[in-house]
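Participant: Protein chains in written order, with the numbering used here: chain A, 1 to 747; chain Y, 1 to 338; chain R, 1 to 167.
Derived by calculation from the structure, the hints in this document are not laboratory data. Heads up, some of the hints might be wrong.
[Unchecked claim] Restricting the straight-line Cα-Cα distance to at most 20 Å, the calculated cross-link-like pairs of lysine to aspartate or glutamate (DMTMM-like) are: (1) A:639 to R:154; (2) A:583 to A:617; (3) A:410 to A:382; (4) R:38 to A:32; (5) R:61 to Y:221; (6) A:153 to A:206; (7) R:61 to Y:198.
For clarity, every value in this text was computed on a predicted model and none was experimentally measured.
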Amino acid sequence: MTTVTPFVGTPRSRVDGRAKVTGAARYAAEFDAPDLAHGWVVSSAVARGRIARIDTDAAMAMPGVLKIFTHENRPRTAWFDYKHRDQTAPPGHPFRPLYSDTILHSGQPIALVVAETLDIARDAASLVRVLYETEEHATDLAARRDTAYVPPKKRSGIKPPPKPRGDAPGAFTSAPVQVRQESRVPAEYHNPMEPHAATVVWKGKDGIVVHDKTQGAQNSQSYIASVFGLSPSKVQVVAPFVGGAFGSGLRPQYQVFLAVMAALELERSVRVSLTRDQMFTFGHRPETLQIVTLGAGRDGKLVSVQHDAVAETSRLEDYQEVVVNWSGLLYRCDNVALTYRLAQLDVSTPCDMRAPGATIGVFALEIAMDELAHATGIDPVELRLRNHTDRDQNEDKPFTSKELRACYAKGAERFGWSKRKPAPRSMREGSELVGYGFATGVWEAMMMKSSARATLTPDGRLTVATATADIGTGTYTILTQIAADALGVPMEKVTTLIGDSSLPTSPIEGGSWAAASSGAAVDAACRSVRDALIGLARGLEDSPLANIDPDRVTVRDGRVFLTADPDQGLAIDAVMAASGVDKIELEETVLPDPKTMLTHAAYTHSAVFAEVRVDEELGIVRVTRVVNAVAAGRILNPKTARSQILGGVVMGIGMALEEEALHDHKLGRVMNHNFAEYHIPVNADVPDIDVLFVEEHDDKVSPLGVKGLGEIGIVGTAAAIANAIFHATGKRVNDLPITVDKLLDEA
Amino acid sequence: MNRFGYTRAGSVAEAIQAFAAHPDARFIAGGTNLVDLMKYDVETPDHLVDITRLPLDQVEDGTDGALRVGALVGNADLAYDRRVQERFPLLASALLAGASPQLRNMATTGGNLLQRTRCHYFYDPATPCNKREPGTGCPAIQGVNRNHAILGTSERCIATHPSDLCVALAALEATVLVTGPNGDRRIPFAEFHRLPDDRPEIDTTLAPGELITAVEIPAADFGAHHTYLKLRDRHSYAFALVSVAAGLAMDGGRIVRARLALGGVAHKPWRDPAAEALLSGQPATDDSFRKAADHLLSGAVPRSGNGFKIALARRAIVRALRQAAAGTPQSQTDKRIQ
Amino acid sequence: MAPPIAPHTIDLTINGTAHRLDVAPWTTLLDLLREDLKLTGTKKGCDHGQCGACTVLVDGKRVNSCLTLAVMKDGATVTTVEGLARNGQLHPVQEAFIARDAFQCGYCTPGQLCSAVGLMAEGHAHSAEEIRELMSGNLCRCGAYANIVAAVQDALAAQSTQREAAE
């Protein structure tokens, strides 16, 4: 049977699906090792101060306890800060677990109990007694707003706000229509379903194999080697399956430090798993306070955009993300002023969380745009169209492609936007007010330098390998599709290897760049293998393909043949046998086109439409429909692509209505550190979600024309819901999440 | 989690005896709350007495249309029991509003009565809590108290009782049947849970070593005039901010008798017969409902983060009474509020 | 210090295989499966009954194995995700999850699958709305809910077709 290609562009079930539905897929805490010891982390009860005394005697006395690591007895690690800095670290001093008696945030790991079994480690940990000397702490961002500063050192890969253009304050003053929106996005925690864990397999003189929960096996590997002074050749990080991450696995988190430390010291295999509570003790989406002011003409055209953000960071590092730049990018405006500042709190360093920065900044901008639509009486979609731009004014560049207007049109049509009555509180059904809300979404389309290896064996099987990860995004599947197309074989004949630091170099899996980067690398490697195979076939004496123009040759289903006359050809095994090779293996490295990077701006866009129903009396909100129309270049696999957008929308629903880390500022502690009280959406919260991909041809953004989909689904969703709630109720809530208490009118 | 011993009781007498043999024993059945709390080191028993093999798992008809529910009847089994669905739909509705299908498969009737509060501080041994460690203080009073009590609080504790089932049982005027070292007792539901006062560490009037054997529910004559309305921060698998169990005996448009209980607002299901009496003989109008609501909430005290609960509860009461009067009980599946 | 507490011997049938096991009173069914029996298909998402990742079937009913003390289940029959397929043939729910892309990272999936099998046996879910409510004990942070509902609907339809054929 002839294999029908291309696979790319067609909906395909996940190639790792069977492993995931049978329980065969192994995650970080599920790798076994002989003589495995188990670690349990003891966390600080206070937010700031020092450990005056830590008493481990009772815990040590428990049979089966091997060792309790604290700042008093921890092994030495690298002296310099830079040795502890991973690929994604912001400027500052990276957190070092068990480094000293200093407490920098509530929940900080202060001891690791290692025991023969998990239950002994856990139960012994409850016997560790700690005496703290506390110092005054600060966890309330609003109270620290006036301490905010412009980060003196920029974070690599994060563009600071562009310089002001025009005269935004002046243009605002004279603008006929003025809008000002103050808003707050609270701290949110990634909470992937798999808690962070690391299993370190001790291999004696051969070093260690680390199964870490990570979005970058090579990032973890270089961090471990650097911190513990190991040769990289003695550290292999293997993470074939990652139970969600959403950014929490970009940086090596403290579980891997502690597990490696214990394994090296005890010279045996060690696993450290964090509890769900401990998932609230490191990186998070930073609480951010924002003010957006828009000035416009009565025609809705923007004459002034100002966006100021103050975000929390830790005492150690200046975590930064792109929050305000979107406001100078998304719409045409000649007078723009954007500022981004940080305020230090006694908290762990924030960490990129799905569409970091954009989720927050675009929320603020898009609720302000909705206010502008309301103030001018212009339809919210029409308002965006009037302010459409085909140029990135922040950098004064054209876009590689931008089918945002098609998103507006197609999304509005699918949603039935024309049925919206403009006035707030004008639509109702029974006891519920109905609201239609809309927002634009935007995210960067990036490609990173990436390498891949392809190996073809005589049986026609193809193996492709690159170090990237699949955190649920579908990486395994799209790479398999790409490889199968290149060699004309069924997807079943392709084995894709990823999530292993020993494989060809990949960037960390984040920023929505994996498909564009690893996809292009795999494509390049497979094409080279194909070319090499054709080269061998052409070089064979008596070959029907001898010296034939390679463009006239097809490789499909294990054969190399003349495209015009398929009978004229050879089997792959025959070509390889006659050529005396047992495999063709080639590695290729791809880079973004440096010229395009200089001359063009590349972004994905979306139009998000949401319908809410709000009980008029009780303020209970239901999201009943969402349509998300996305322009993201070429869609490799519509099935897994749709899932990416669904997931972003669901997280956006959580952001709009449910998610918030509730701090007790007196204790300096997150109090709802569990799944019962830190609400993420459940099935009953999620309506039918309609995902549309609009046609967007882009031959500049990346070799495959791919833009990436991991983040775009969440951007704009919370704003669309907030705008729908405004439309339903006439009440503007700009302090997320929009919970019932904020919607109850004064009784 | 601390280390503890384990006894599987073969009879009620054996269970009582095994409990008495250890200084800090607990009975365990569904375990959904106790094991949870033990993992947080909030509960640290030295011994567990497993009562799941005791013959207390039957739903039986009592006299005069009453229902006797064995302490070990599972929440799901009870919710889907034909007699409960037909004669006590308020009970079924409250059960299905609680927890998740998995937890309802595990949790028992008796255990549900003994659920402990969901107060963040109670659950976090790194913080003070008068309920967990008497005398350490109550940080909730000035801390994170969005989901705390507005009624019947004390300066030592503002925790709420988290059960849904109990709110319905309060409205249905159930009786808790217990047995213990000193014999059998019947405890009217209103007297089973207590307010925190100066002893917030004690949730109920159960004496040490006493075991719940059954809950008896007298016949309810509400017909279709009942509802369980639960308001929460997400549409399923969340504790109530406010919940209302309402049952009305109606004569045309007039209320003959009313039962009204609130969840999520106090240390126990909140009922006030005086508020119910205000409804007796009244027309089923919003005006009547508001009067009852105002009375029921007259002692409400807001804290820094939960003042909204007063307005929310007031409206929820009115809405629930409206639903009950109309005979359109709230669905636990369709999230639109009727 | 108190004397060590002796383990208890229990019998469990897990995925069709009889096991006699010595367990400590504090060992949960989840830890027994994952740590002792290396059946790591059942996941630990919160360990407190708040996420459903640990859902297994005990005597045919879906429960949170993280809150189940193994010692209390002496004599029970347990089915985990590893036991859903028969002779290499996937369970219809497993097939439907793949076909509908009802998972992304896969970590909540074993719990979703066991929960769906339990739901089908309970017989209370028919409409999409009922499935949403009765699958709400299983969190999915990747947000695959819409596809999970579709997959369960497919499996329910297959189940009723099968029943009709049998009648």
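Participant: So which of those numbered hints doesn't the model satisfy?
Facilitator: 2, 5, 6, 7
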